[in-house]
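**Student:** Those protein sequences? They're chains A and B, same order as listed.
Letter 65 of the first sequence, counting from 1, is numbered 64 in numbering that gives the first Met the number 0, and no numbers are missing.
Letter 283 of the second sequence, counting from 1, is numbered 282 in numbering that gives the first Met the number 0, and no numbers are missing.
Honestly, I wouldn't trust all of these hints.
Stated by the list, open to error - Just so you have them, the derived chain B footprint on chain A, three or more residues with Cβ under 8 Å:
| hint | segment |
| --- | --- |
| 1 | 14 to 23 |
| 2 | 26 to 34 |
| 3 | 70 to 80 |
| 4 | 194 to 208 |
Claimed, not checked - No more than 30 Å apart at the CA atoms, straight line, and that leaves these computed lysine-lysine pairs for DSSO-like:
| hint | chain 1 | residue 1 | chain 2 | residue 2 |
| --- | --- | --- | --- | --- |
| 5 | A | K112 | B | K210 |
| 6 | A | K198 | B | K210 |
| 7 | B | K47 | A | K165 |
| 8 | A | K50 | B | K210 |
| 9 | B | K210 | A | K88 |
| 10 | A | K100 | A | K88 |
| 11 | A | K102 | B | K210 |
| 12 | A | K102 | B | K47 |
Don't read these hints as lab results, they were simulated from the structure.
All C-beta atoms in this analysis are idealised placements derived from N, C-alpha and C, irrespective of residue type, glycine included.
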Amino acid sequence: MPEIIDLQRRLEDVGYVAEAPLAAALLLMLELGRPLLLEGDAGVGKTEIAKALALTQDARLIRLQCYEGLDVHTAMYEWNYQRQLLAIKLLEHDERPTSVKEKDIFSERYLLKRPLLEAISCAVPPVLLIDEVDRADEAFEAYLLELLSDFQMSIPELGTMRAVTKPLVIITSNGTRELSDALRRRCLYQYIDYPAFEKELAIVEIRAPEAGGQLARQVVDFVQSVRRMDLQKKPGIAETLDWTAALLRMGISVIDDDGAERILETLSALIKTRDDRAGFTREVVARIAASC
Amino acid sequence: MLTGDAALAVELGAVVRARLAGFSGFLRANGFGVGGADAVSVLDTGAKMGILDPQVLRWSLKALLCGRGDEWRRFDKLFDAYFLPPNKSLIVQSSGGAAGGARDAADAGRAGAEFDSSPGTGQPVAGDGDEGSARHGASREESLASTDFRALNNSQQAYDIEALMRRFAKRLRPLRLRREATHHHGRRLDLQATIRQSVASGGTPIRLAWKERRRVRPRLVLLVDVSRSMSLYSFFYMRLARALCGELADVYCFIFHTRITDVGAALSDPDPWRSQARLHLLAIGWAGGTRIGECLRDFNRDQGARLVHSRTGVIVVSDGYDTGEPALLAESLATLRSRSRCLVWLNPLLNQAGYTPESRGMRAAMPHIDLLAAGADLASVERVLPQVLQTLR
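Bound conformation, chain A alone (with noise of 0.2 Å):
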């Protein structure tokens, strides 16, 4: 429990406030070098885990963005052809034998690291975030399972790259597709919900200072009646951060329903459809803001 603790107190420094069992998740995966899976709404904070992880360990952050269409080359390691080819030139007129120069063409100058060879090569374990793994097709998810089961990539002309060190995998999913069950099993779980009051009001201190005491807690529990709607896309804490920022600097210090046209103008910042919007006209938000 001291760990835990201590761990919450180190991603608290860097501004993420992590549940109790986030946290223990987050140490057991230190502990068992085991990925990390995070799924929830957008907008709950699963990147931002990866991002305070690798501020509490001094490691490295290294980025994968999965979308559709993702491949090897754009995910692993790529050559540099052009740089190759160019060598291949000029090397024409050199007397060293053949298979001298084309151990040469296919040494590690020549290979482009793309994140996840990058991410086995440190010598410092970094922080590897496969962002929206769930927007990647199934065959790039194969791959992983294979990167991640044995930590080491084949590369024909140079043989296996084993890992260095065992980076810090956190893989987010926002649940557009089902991922594999063999994925699943690789990873430990962490279903990260809405914050609760509380938290989020921790969250709105600790990103937004300015906000004072009072604000701040009307933001929070303005949005979090404002989840309890009935919205096509819920706000997340970016949205919260965003709208307080935005109240600070229209100048609005208090939320009351006699300032509703002016808090209508920030809505902006928070609802971000057309048709959650045109839910949300002056008596709503009165009604509301006069509840907080």
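Following the hints, complete the assembly by docking chain B onto the known chain A.
**Tutor:** Only chain B this time, still in chain A's reference frame:
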């Protein structure tokens, strides 16, 4: 902490280990996707994180053994049931001898069995399902008799038509995308790969590499109306859905009447008899009334964001006889339409001569659907589906 607790775990030995190892089996009995290797990981975790603080153990095992959201939500109850008193006192009592290990494991097994058989909390999935039907099934229109699916597999005829459908599903070729991938005889030169291959021949590009558009399968979402008015066709569509689920990777199937149910897992069961049995269980309310609007709204809310994306074709199979609010139907369809690539409505009645889509539901739906087509036999479906897939590229 690690060295200290590791030593502790080794000292505590067999009893604790049997207890911890039994936990993964207990979770498996309750429908978690954990394997035999996880028992080892549990011991490892126990040794590394310490086992004396129940909260730490709970959080650690939760991170270790859960794999998806629903497991995440059920875990705490199962953890309590397994580890908390009176089970907890067992550990203390029998911590003396190694012989206690076997007994303890047996106890754990018994506790698991008891937990399984208790109706209220035993199987959270089934429990939730029952609750759900009680909640949604308040309508008097629902026929509570479970409907007979035996026609699905019994006769040779059923096999024949299923084979026909499978052949049809196989003909739905994978799609080509705008994104490209290397291909042995494509239509565009892949410069990067050509140069790479030319390295072998000293910089002279002798072998050329080609690119071709990548192929992926489109995603289809089938929403099949199984209300009474559709009962003549619903078996037919279930068979078609089963064929599609079997042959295509990205097909999702839902049935709806007064509420909407996911039948994808039941349909793709490789054992046809078990598939039939599972459909039996899901069939409560089959051939009852229809509330299309509410069902589609529920679908949008619960599944829409997850399943429907810009390359999804949504196929609604219904005759449009709706007892719900037409405005709600129109609104739900508009939402569904905005999420998906195309929205097709198959109406079996359209095959009948002289039918016009004049029912209230159909009139509300018409502005929001891309294609209204007949769907009373395989031939008419065969005319529509390839076109749907064409638009998905």
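**Student:** Verify the proposed pairing of K47 of chain B with K165 of chain A, using a straight-line Cα cut of 30 Å.
**Tutor:** The hint holds at about 18 Å.
**Student:** Hey, K210 of chain B versus K88 of chain A, does the alpha-carbon distance stay inside 30 Å?
**Tutor:** holds (26 Å)
**Student:** Examine the segment 70 to 80 of chain A for residues whose CB is less than 8 Å from any CB of chain B, and state whether their number is three or more.
**Tutor:** Check passed, 3 qualifying residues.
**Student:** Under 8 Å between beta-carbons, do enough residues of the segment 194 to 208 of chain A, three at least, approach chain B for the coverage claim to hold?
**Tutor:** Contact hint for the segment 194 to 208 of chain A vs chain B: violated, 0 residues under 8 Å.
**Student:** Sort out whether K47 of chain B lies within 30 Å of K102 of chain A, counting only the CA atoms.
**Tutor:** violated (45 Å)
**Student:** Does the structure keep K102 of chain A and K210 of chain B at a Cα separation of 30 Å or less?
**Tutor:** holds (29 Å)
**Student:** How about the segment 26 to 34 of chain A: do at least three of its residues have a C-beta closer than 8 Å to a C-beta of chain B?
**Tutor:** holds (count 5)
**Student:** Are K50 of chain A and K210 of chain B close enough, with their CA atoms no more than 30 Å apart?
**Tutor:** violated (38 Å)
**Student:** Straight-line Cα separation of K198 of chain A and K210 of chain B no greater than 30 Å?
**Tutor:** Not satisfied, since the Cα-Cα distance of roughly 51 Å exceeds 30 Å.
**Student:** Quick check: the segment 14 to 23 of chain A, covered by chain B? Criterion 3+ residues, Cβ under 8 Å.
**Tutor:** With 3 residues in contact (Cβ-Cβ under 8 Å with chain B), the coverage given for the segment 14 to 23 of chain A holds.
**Student:** Are K100 of chain A and K88 of chain A close enough, with their CA atoms no more than 30 Å apart?
**Tutor:** Distance ~11 Å between K100 of chain A and K88 of chain A Cα, so the pair holds.
**Student:** Assess, step by step, whether the Cα of K112 of chain A is no farther than 30 Å from the Cα of K210 of chain B, and give holds or violated.
**Tutor:** The given pair, whose Cα atoms are some 24 Å apart, holds under the 30 Å limit.
In this structure, the hints that do not hold are numbers 4, 6, 8 and 12, in rising order.
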